[in-house]
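Residue numbers (my numbering), protein chains in the order written: chain C, 514 to 801; chain H, 11 to 245; chain F, 288 to 625; chain Y, 4 to 257.
What the hints contain is simulated information worked out from the structure, not anything from laboratory work. Among the hints, a few may not be true.
[Unchecked claim] Only pairs whose alpha carbons sit at most 20 Å apart, straight line, appear in this in silico PhoX-like list of lysine-lysine:
(1) C/K673 <-> H/K189
(2) H/K118 <-> C/K672
(3) C/K673 <-> C/K640
(4) H/K120 <-> C/K673
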Amino acid sequence: MEFFIQQLLNGLTVGSVYSLVALGLTLVYGILHIPNFAHGALYMMGGYVTLTMMSKSGLPYWLAIVISMIVIGTLGVLLERLVFYPLRDAPPLHDKIAAIGILLFLEAFAQFVWGADYQTMPTPYGKVVNLFGLTLTAQRLLIITSTIAIMVLLYFFLKKTFIGATIIAMSQNREGANLVGININKVAMMTFMISGSLAALAASLASPINLVFPGMGHLVILKAFVIIILGGMGSVPGAIIGGYILGFSESLGATYISNDYKDIIAFVILVIILTIKPTGLFVRRGQS
Amino acid sequence: MLELRNVSVQYGSFTAVQNVNIHVHEGEIVVLLGSNGAGKSTVFRTISGLNKLSKGEIVFKGNRIDRYSPDRIVQLGIVQCAEGRKLFSRMTVYENLLMGAYIHRKEKEKIKQSLNHVYELFPILKEKRNDLAGALSGGQQQMLAIGRALMSRPKLLLLDEPSIGLAPLIVEQMFQIIKQINKEGTTILLAEQNAHAALHIAHKGYVFENGTIAVQGTSQELFANDNVHKAYIGT
Amino acid sequence: MIAVLKQKKIAALAILFALAFPLLIPNNYYLHMMTLSFIWMIAVYGLNLLAGYTGYLSLAHAGFFAIGAYTLAILTVKAGLNFWLAFFLSCVISSFIGFLVGLVALRTKEHFFAIYTLCVGYIIYLVIDKWDNLTGGVRGFIGIPSPANIGPISFQTPVSQYYLVLFFLLLVVFVMYRIVYSLTGRTYIAIRNSEELALTIGISTMKDKLVSFVLSIFFTSLAGALYASFIRFLGPDIGYISVMFDLLIFLLVGGIGTMSGPVVGTLLMTSISQQLQFLQDYRMLIFGPILTLLVIFYPRGVVGGVIHWKTKRTENNRDSRVGKISSHSSNEKQVKEG
Amino acid sequence: MLLETKNLTKRFGGLIAVNNVNFSIERGKINAIIGPNGAGKSTFFNLISGFHKPTAGQIIFKGEDITHLPANKRAKLGIARTFQTTHLFEQSTVLDNVIIGHRLRTSSTLFDAIFRTKRLKREEAQCKEKAMEVLEFVGLTDAAHKIVANISQEEKKRAAFALALATDPEVILLDEPAAGVNPDETEGLEELIVKMAEYGITVCLIEHKMQMIMKIAHKIMVLNYGEKIAEGTPEEIKNNEIVIQAYLGGSAIA
């Protein structure tokens, strides 16, 4: 039983990271209806920026994370302005390919600047904590708590503030939003800002447990896609719930099936979903 | 108040609207008549800045607005209640109305007043304020769309086919409400296929045909015009 | 008609040049690069059939390229099969796997299809990487034989290998040509245009999509098998996403949905790569932005652009000619419309 | 009768789009479906052509139950349709667009394409011939080699008709054939629709332009809120009180 709960906690950790990444992806999808294949590259860049801030500038962990969130958020905004905005009326094939181009560039860029090696990220929260008879590192606890905190913040932002509500409004009806006087370009930029920051945060939180390397975004982005297909493309709660479902499935799968194949679980889920429902689960009517 | 001068709009190689002149004075109800695809919606979209014009100019209160973005045009006081309603279907009625007041978002008291005003005009919206917009009936959605447009306190309200898809009783109600909105001081530009009902409340009208204005005149003149009668009222 | 004749002339010239290339430039290095380009072209044609004509952007094709290559390697080295039998089987096996994937994948559309195939591609890469008993994993797979002799013809020299690959390329182009300009090709284009409309005119879209998907994978895995026997060493990287992106870039630069786009795009991009060799692993620093800029500013690609320009010109000519002959009636019509 | 629906019902979630509709399309006639926007006309069309699966009820075509057949098989049986907005391939010629319409009557496969068999050549000629034939029928022979993007809206409508006709249909479903077309051009389309019926093709259409319907339809069904509220000849419909109230609007009574 204790072992089982331990696994649940692991699932919660992994799921938190997945949810953060999927949240950014789903927000952008909701606004622009494009699957941003470059989102994983933003995640990777987020890891590197935090790491660099800590190692080169000697900044403390938290400050480094904040800077990284700002930098990657701005990078997201740039992508929106320079790439996705000019492609807003292009056929659907185009923005996907453009996103792939960005992904290639950012990966090559990371490799060029930081090298291809795997790097570790130090954390001030390395010690082991005992909680109700369970052992876990403080870093894991941090991931869970800060993710939940961010999600609560995001919820209040989207639900309780005018500015946040514009994102929801625009994802439900772009022209409708424009016609009540919302500047949709600003909203799109803001969404990319949030999306990028969330990716940077996720990477910075996860990196002390995993590692930092140019390809670190690949698996994460693929899984984030599975999550938003699971939770409904464009749905915010769906991304959170989907993220945790995948996190739990993986940590349980790693224990009870095989650790080597835990990464396959996400794809098995995807195959099952799309076999049953080719348009993904929870597709809602009336979404334009 | 609003003037369209020689406006043409092009979709690719297709000219949707050609050389259109429209003049709306303060306090009027002006109706654009014409069948599906005659160019009425295109004119509306162009006034709102959703489409760019290829020729001509649009002047509102002495300023050229044809290069403005849609949100800026809303801020000037031109608000459109578009065809297809364009509601936020997974937000509640209340949230939809609130978004309508987006440009006044910092003035809480003003929002409250507008909200009460809209609830007075459409009591059903108050009753259903916590329902999702997507769950409303067609008529209620149309009311919500108009209510949302009113929340921004427009000087000029563009109504694109408010009677579309409504039961006859509600159509009549709708036109009464439009009249009332106008009496309270909002200038209205209306696009309609339901010529009969629209001409009853309008001061003057323009008849669209194939992207151009075929006939124009006061409501009485249009009523008396045989061609208009035949083509758009159908008896 | 004149345009078609002109096209045929250009094609004939290109083939002549390809045939004469080893004589014109007797340099083993260039020969090697040319052979490799031909292999990529075959793979790009595979992608083009699906993405360009049927309208489904698959991101799993590098995976199938790798399956073709590894199957050949395993069948020849581990199973000891006759080379040509193994060669044939590797294409068939890849196509069969493609068939199974297609059954699920083709039920999805647009974003879902792209995401799904991206995931399939990644699974293929993971399996190759992890299953080291069979594939050699990260250490790679060595000792793959070159193509076996066919009768008196041996394929040990670079020149003979060049002609072998050229033969397959021409075969693929020929088959592509036949398909595209047939009722089958028209069916694919109808599906790309609008699947809904295709259904209402009685096209069994699922069946046609599946055939085009499997055939497209057949071509790509054929390229993979050729690659294995030409390079004779394989690493899991050939199934990696970056290879997928190479194929995409080649196709896009040349012109997606055009007959000669894959040739033009591949030649152009591989020769640019040659110039940028000093960049090595960082060539994506240049290629990534090229891909993005291309999609934004010139999505038709080189060949697509030329075709567009030509049709516009002939259309204009036709209009002015028609205008002269029947200017009266067209004037009348204009009056009516105005 | 050629096609018949029995208690046809379609629900989307809680919304009933089509409610218990019994309707028959009479052979060789022009059958029209009218009703206010949102009355369920398009859903009804989608049910007949196989794009939606009915929640309940049956669709019978020439005595055969086709309720569960997919759209492409219905097309083979002889049910063709057009869409409100034309889905033509804009970058290709009119002729090239229409040729594919006869594909369903051919049987050549990938094998035939690769080896360019006699069958393929024969069938290609057959498709081309059919395309020219239907283009002539709809009056687009002169525009056959024009790029679709450069022809007028009305010509596009005609091209869409031609594409549907190329499938050799027994019944053709026209979804708002005259939408977005000028009054004088509408007359041309009217003539074309009448010509189709005279030629022996059964027509069923949805349309908003009442004048046109009243002029050419032999039989009209009126839908309102998903239910059939009336059925009859144009004369009968014109004088039906329920219809006047529901469709022509309150103002018509006054």
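Here's how the hints hold up against the structure:
no.	hint	in the structure
1	C/K673 <-> H/K189	violated, 35 Å
2	H/K118 <-> C/K672	holds, 17 Å
3	C/K673 <-> C/K640	violated, 37 Å
4	H/K120 <-> C/K673	holds, 19 Å
Of the numbered hints stated above, those contradicted by the structure are hints 1 and 3, listed in ascending order.
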